[in-house]
Amino acid sequence: MNHPPDAAPPRFAMRGIRKAFGATIALDGVDLAVSEGEICGLIGQNGAGKSTLMSVLSGALQPDAGEMWIEGRRFAPHSPHDARRAGVAMIYQELSLAPHLSVMENIMMGAEPMRFGLVDWPRMREMASGALAALGRDDIPADAIVGNLSVASQQLVEIARALAVGARVLVLDEPTSSLGRADVEHLFALLRHLKSQGHAIVYISHFIEEVKSVADRFIVLRDGRNAGSGHTAAATHDDIVALMVGEAVGNLFPRSPRTRGEAILEVTGLEPGSASFTLHRGEIFGVAGVLGSGRTRLLRTLFGLEPVRSGRVRVGMYSGVAQPHERWLHGMGLLSEDRKEEGLALTLDVADNVTMSKLSPFGPVGLLFPARQRGAAARWITELAIKCAGPWQKAGELSGGNQQKIAIARLLHHDVDILVLDEPTRGIDVGSKAQIYRLIDALVADTANRKPRAVLMVSSYLPELLGLCDRIAVMQRGRLAHAVPAESLSEHDLMMAVTAGTVV
Amino acid sequence: MTTRSLIERAGTFLGLVLVAVIFGVLVGPQFFSPTNLELMARQMAIVSIAAVGMTIVIVSGGIDLSVGSMIALVTVVIAQLLRMGVSPLAAALGGIGTAALCGLINGVLITQLRVVPFIVTLGTMLVIRGAAKGLGEERRIEAPATWLNDLLRVTRGEAFVPSGIWTVIVLSVLIAALLRYTRLGRHVFAIGSNERMARLCGVAITRTKIIVYALSAALVGVAGLLQFSKLSVGDPTVAVGLELDVIAAVIIGGGSLLGGRGTVAGTLIGAAIMTVIQIGCSQKGLANWVQQIVTGGIIVAAVALDRIRSRASRS
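These protein sequence lines map, in sequence, to chains P and D.
Numbering follows the numbering used here, in which position 416 of the first sequence is assigned residue number 467; successive positions increment by one, without gaps.
Numbering follows the numbering used here, in which position 2 of the second sequence is assigned residue number 6; successive positions increment by one, without gaps.
Chain D extracted, bound-state conformation:
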């Protein structure tokens, strides 16, 4: 790794350290206690895994606004499947598969209708939310208790870190490797950086984009599974507006909405910054409105800093 990219990555990381130190001082040393750190990890898990998926989409120069709706649909699908007596594992896979299918449809619509991703996924955001409500008959769906409810919980006698968080870590590593160490990953970057160049170089643009949306949605499916685990019910009204948190994590982590830029590590740090602010504010007893203003300020500041940095490197 070059010193340059080290500094670039460290930039976001220093932001995280700064935010953590500020709240450490405000809240006190118990802010960094193992229990508190674990609380933050659990809080982070859902946004993180969806944001890792969104990183792929944003690197390819696209966007997916239907993420929140997909999470709601996944919780409802899992709950309904469990009620039908399906095994927990099959229900989980059914939920993830449903999300992947939604992503596949997004990808096909974007590439075949040649409508910009913002508009297509704005539409499917409503369609999928509607489907979730229809399937859930506009109410919470109670489901029989299974081990799916324990994914974000530490049960007695088990390892310190819950299995849901392990899943997020393993998947993040895999996606980071996919972006860096596979041809598909480099094609995603090429399409996002300059689609015309990608076409000139013979990159299969349609196929790559469809894979991007489907794969990203499968990760959102995992986020939906964790959401179900947290709620232990299927809730068609959950995660409204979550896509904005997810996009914000990617942007704070150095992703560019113009495409061609973004890293999984940066995105996870971005998600961590937002989580530290949220938990920090609530433990300090600050009102929700303070939290929102601080998070919003961080997003704008992160992008502005990035602009200044890239302008400095150009001259």
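So that you can see chain P by itself, here it is in the shape it has in the complex:
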């Protein structure tokens, strides 16, 4: 079979794409097509399979099943290089430009015009200027250094490069996350212009309003499947949210009896974040927001990893700004969203990772007896059912779910009262997720032998927030709104609030 089943072949099509990682099925028969002169919006919650689908399209991953076509020809890239040569241009949130090189070098990278075996600079300047002019941006000088340009202009350079090397499909992943409002307008105008020239564009975004504004059609992914699609003109924000959310989740989320105790964390007018809230013992407080909404920054500021601009923070008896080591002393612990880069030291063993914030119990006057350290770690390995060969195994050799449990075990080893959890279940398997949900619930539950703790958590997976939290506040474009009781919210309401970002 050399042609897709459709009569008029779209510029780009994928059919029945499947991809599994071990037991986790990330994509389960996904279809996507985009025609010439069309912008197709791709929408879905975190974990719906958008990024896996894009990795398949860009050649970074090979699908287990399914087929792809570009202009009616089979397309099976084995590497990102293959995909680029076939005309797939990916513009990621994190731009991939060489910041120290000039605009023209970046645009013509890998396709530099040559003359007698040397770079033909005048021709390069001409071609790059032409590419920029075609985008209506001849105000960007071809010999400017890319690192000195604004983010919006850098993005434009990246788009110019994609077009200069003859892209057949342009894929933009969350292109507005770091743009101001005026730049978003410019970008949309540019995308409409490119559409009118016959380009085929896939536009991925969390913001439904953006998709409605710029795309012709939309496709919604949910749990690795096509949840629905349609014309943006005919669908309301509500309709699209309904497709993203799907049916209610079962009782994955346990709820033990909780009693709200004393206020243990008080935040007043904290900047960055415009945050004011109070956290009590025996309570889980959730922060909902899309990537880039400033939710992670808020947690890091509270923990002393980023500077406080203004506002007050009281942790237990202590008021004022503090460094991370002081926060640990105040009984606060942070679980980083970035397990590999910040959460764990992957080349060190499990025992070091679990106990690093508090080594003092393992010996007097600065000494440390490894047997005691490993004993402490072994206790958490048993209690959290961490699958590893022993406390001496390197953290990097474990699965994502077990790594995450190690990172959480650190907070338990330190016996903190306030657990600040940033995306506690990101990128881990369903079984580990359920265990972590039970654990978080147990931390704030009424118990006889310990005062209940308090949990402040951020998640982009809304059912998780709704299932676990007592109160939820929405964070949007760097501002935290007032908290509302979780039981008064439906997933639909919350999704509406979270995705109502830019209205262009």
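Read the hints as simulated data drawn from the structure, not as lab findings.
Just to be clear, a hint being listed does not mean it is correct.
Calculated pairs, DMTMM-like style, for lysine to aspartate or glutamate (alpha carbon to alpha carbon, straight line, at most 20 Å) [claimed, not checked]:
#1 D:K137 x D:E199
#2 P:K409 x D:E199
#3 P:K391 x D:E199
#4 P:K263 x P:D544
#5 P:K391 x P:E145
#6 P:K409 x P:D466
Partial list, derived from the structure: chain P residues whose beta carbon lies under 10 Å from chain D [what the hints assert, rightly or not]:
#7 Q144
#8 F354
#9 R378
#10 L380
#11 S387
#12 E393
#13 L395
#14 D403
#15 S408
#16 S411
#17 G417
#18 F420
#19 A427
In this text, a Cβ means the ideal position worked out from N, Cα and C, and glycines have one as well.
Take the given structure of chain P and dock chain D to it, following the hints.
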């Protein structure tokens, strides 16, 4: 200890055995005679103790290129102090203290200017070499003969192993224990493995790094003392490029320039491998260029083997 880490450590040790056997065959049984072994131990001592210090720095994810210059400065300081009539013990401590001060300055510059250690110590390598030449008026400084000249020598009626070598052994054991059995040691590993995690966990990064550079430099000070003992003069031009031998010993011994990995035992074996090659080549009458090619090959092979091993363990 686990079987895994046993094999990892044995890997370097097997390398040493292999090299020793090769030269044992080439040179003959006298290669392993007590006198020859003692010669090798003495030859090894200076690089070894500096490499033990460098192990701490490399585990913390840093590097110190000023080691060779520090050794030269220490020999000059000791010689000048002895000429001023200071007691040998005070002169030795003065030399070690000077090196520790250099390390302290390295640590402060690295943490306060936030410039990478490679660049800072490349700069101080030149500064310290210049200081040594200035203090030594660009020539060798003769010093009165004292017991400091006998640290690497076996004097009549004394124990078989010279006191300088005992010093190296005792200090190595202490540093190995520091890395494994103290909080400071685990903090050094944490910073080297993932500095962001260390910060998240509340590790005092600035203070720890300054201690690392100062402590390592104090050990380099001991290396300088042994160098003085060997030369019996202060020489501002000695030990040029020695930092590369020192770094090589750590790397052959399983240290990683990315930080978070390295052991004192491995480093000593690494230093021993290099010494066996050097002595073996010269006793076999092989030219210096052969020695250099073999040593260079060993460094690349050691790191390549390590890569293959870690790739195998991951899959």
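**Item:** Numbers of unmet hints, in rising order
**Value:** Those not satisfied are hints 1, 7 and 19.
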